[in-house]
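There are 2 protein chains.
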Amino acid sequence: MRIAVDAIGGDQGPEVVVPGAVAGARTFDVALSLVGPEAVIRHHLSSIDLSGVDVDVVDAPDAIEMDEHPAQAIRRKPKASIPVALREVQAGRSAGAISAGNSGAMMAASLLVLGRIAGIDRPAIGSFLPSARSRTLVLDLGAVTDPKPHHLVQFAIMGRVYAERILGISNPTLGLLSNGEEPTKGNQFVQEVYPLLARADGLNFQGNVEGKDVPLGTVDIVVTDGFTGNVALKVAEGVATMMTDLLRSELTATLPRKLASLALRHAFRSVRSRLDYSEIGGAPLLGVDGTVVIAHGRSDAKAIMNAVGVARRSVEADLPGGIREAVTRQTAGKDPVVPLGADGELSTSP
Amino acid sequence: MRIAVDAIGGDQGPEVVVPGAVAGARTFDVALSLVGPEAVIRHHLSSIDLSGVDVDVVDAPDAIEMDEHPAQAIRRKPKASIPVALREVQAGRSAGAISAGNSGAMMAASLLVLGRIAGIDRPAIGSFLPSARSRTLVLDLGAVTDPKPHHLVQFAIMGRVYAERILGISNPTLGLLSNGEEPTKGNQFVQEVYPLLARADGLNFQGNVEGKDVPLGTVDIVVTDGFTGNVALKVAEGVATMMTDLLRSELTATLPRKLASLALRHAFRSVRSRLDYSEIGGAPLLGVDGTVVIAHGRSDAKAIMNAVGVARRSVEADLPGGIREAVTRQTAGKDPVVPLGADGELSTSP
Chain A
1 MRIAVDAIGG
11 DQGPEVVVPG
21 AVAGARTFDV
31 ALSLVGPEAV
41 IRHHLSSIDL
51 SGVDVDVVDA
61 PDAIEMDEHP
71 AQAIRRKPKA
81 SIPVALREVQ
91 AGRSAGAISA
101 GNSGAMMAAS
111 LLVLGRIAGI
121 DRPAIGSFLP
131 SARSRTLVLD
141 LGAVTDPKPH
151 HLVQFAIMGR
161 VYAERILGIS
171 NPTLGLLSNG
181 EEPTKGNQFV
191 QEVYPLLARA
201 DGLNFQGNVE
211 GKDVPLGTVD
221 IVVTDGFTGN
231 VALKVAEGVA
241 TMMTDLLRSE
251 LTATLPRKLA
261 SLALRHAFRS
271 VRSRLDYSEI
281 GGAPLLGVDG
291 TVVIAHGRSD
301 AKAIMNAVGV
311 ARRSVEADLP
321 GGIREAVTRQ
331 TAGKDPVVPL
341 GADGELSTSP
Chain B
1 MRIAVDAIGG
11 DQGPEVVVPG
21 AVAGARTFDV
31 ALSLVGPEAV
41 IRHHLSSIDL
51 SGVDVDVVDA
61 PDAIEMDEHP
71 AQAIRRKPKA
81 SIPVALREVQ
91 AGRSAGAISA
101 GNSGAMMAAS
111 LLVLGRIAGI
121 DRPAIGSFLP
131 SARSRTLVLD
141 LGAVTDPKPH
151 HLVQFAIMGR
161 VYAERILGIS
171 NPTLGLLSNG
181 EEPTKGNQFV
191 QEVYPLLARA
201 DGLNFQGNVE
211 GKDVPLGTVD
221 IVVTDGFTGN
231 VALKVAEGVA
241 TMMTDLLRSE
251 LTATLPRKLA
261 SLALRHAFRS
271 VRSRLDYSEI
281 GGAPLLGVDG
291 TVVIAHGRSD
301 AKAIMNAVGV
311 ARRSVEADLP
321 GGIREAVTRQ
331 TAGKDPVVPL
341 GADGELSTSP
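Protein chains in written order, with our numbering: chain A, 1 to 350; chain B, 1 to 350.
Any given hint could be a false lead.
It does not matter which identical chain is meant; a pair holds if it fits inside one copy or across any two.
[Unchecked claim] Calculated pairs, DMTMM-like style, for lysine to aspartate or glutamate (alpha carbon to alpha carbon, straight line, at most 20 Å): (1) K148 <-> E192; (2) K212 <-> D11; (3) K148 <-> D29; (4) K258 <-> D59; (5) K148 <-> E250.
Calculated directly from the structure, the hints in this document are not laboratory data.
Since the structure is predicted, the reported quantities are computational estimates derived from the model, not experimental observations.
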């Protein structure tokens, strides 16, 4: 299996992406296509041990910056690393693509180059908040800031495929993120989504869940709009970062504390790893017809390495195939509550 | 100064509220009116040392349950502890009211009994997420799930008064919670709010902030709709709870770790107190014409005690008076961008 990695994307650029991707190729036993300006990539490769790793370079002279308008950038720069990496997937030369660059551009290019799965109107980013007790899959984490209510039924279907195929959970439980557990809680959008999820077949819907239920792992899958999901993800990351920093400063404030902390370093490492988003690596963009992994803009080499693992597992699990099947099953039901496979403006009742 | 406390509200009821309120009266040197079924309150008072504390009981035989519809419950149960506590404020017998009970009912009763401040269309709950580096005031945390864009300008004005008068910050900075820092980021609602905040006078608006900026303390005040604010608050609480639990279990996993942890107990206590919402106590309901403090439903005695401190500081700072002045200043400006003091359906441009 070969994975295409945008070598220049992300806040820290090729200096961390190239070694991280090579480490990922070695750790997860995949071949690697590094996509970006060839000379830059070769320069960064020159100081890395490549023994036993199959790495090639795909030249893409242009770069899409973090602040560029996604759709415009894709049209103006067809030779940028993001669209070139996706064309590697579309042409079958790579099984999946990863970028830590402009995530909006990654989404726009994925839709343009790979297309949507029939029955899915909007793709969704599905991943995890820094969490200890559990792995609650949250989607959408930022692909669609203003979804229609019926899009969340599609998110739930895609989340279910992910939970079954990647996390190995049979009949995963589903919650709708709200400001209270009672069915009457929620903003207007959530109150429109609730009955759609409740009536849809086979989603194992448990009702509304609150923000605390995500870190506490009350349900396996939580669906929300991409705006709220992104805020929730970044609040969790911020609290985790702040706590880790605070612990470090308290525990090293005096020499006796430093000595006592030494005895506890394994315990702290264990806690920190549960909160470290670089352990997660990247989030698959669900609903596009191919394997696309969006890595955190602030990714370090470890995050990129783990994103390669996410890509490999997504390819092996054939998430697009699973989503296609699940959508077909849903629409084949006698009484489809939510019309799938049409454009995003469709009404939410048949 | 006398504070009225709903003695039966909250998940743990009078068993924690009564001793917590008495401790608050002693700690913050205020007189106390405990509101609820008289016999129940007297029973819980009987085992508490009341020396040096001025406590009276205001009989309110009814109770509003957590799952009751707020407005209906207020109409059907005028003798419930929540409306009776607010009538104590309205009649001038108490300077402020506190409840850890049904927060929707507390808000509905506050609007009914005390009314809104002229110029404020919707009240907002303003408080803090568990946070270490700073105290970022976030509003709204759940009073208004579907505000109009111009309501967030009112939230910003109220937050500014709170930050100046309670936190002692002059010219506090303001951020709009979004899914990215760029002005183009946000869902449709945020994109409508952004120009209103940017054009309003004297708000010291710094632009969009992300979820991580709340725990990290990038700005002094963050405004958001009550749905997103509530999700953010509960995610932060969940991550903090989960981390505290995880640390405890890791640090007591073996005897050597337990011994080393003993030496660090002051450090851990310091970290925990920064994450403990019972240290915050309660959140003022801003925009109603009187001092109303909403305590967490899960409040323990310490949280109730600290809520008494929040009430005292809110009364002393005269938040309603400060908000009234700030609204007047805003509307007296030559070019008021946002019409204030009208109903919630007003357009956002003059």
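Outcome of the hint check:
1. K148 <-> E192: both (9 Å within a copy, 18 Å between copies)
2. K212 <-> D11: between (30 Å within a copy, 17 Å between copies)
3. K148 <-> D29: neither (40 Å within a copy, 52 Å between copies)
4. K258 <-> D59: neither (49 Å within a copy, 55 Å between copies)
5. K148 <-> E250: neither (46 Å within a copy, 43 Å between copies)
Checked against the numbered hints above, the structure breaks hints 3, 4, 5 and satisfies the rest.
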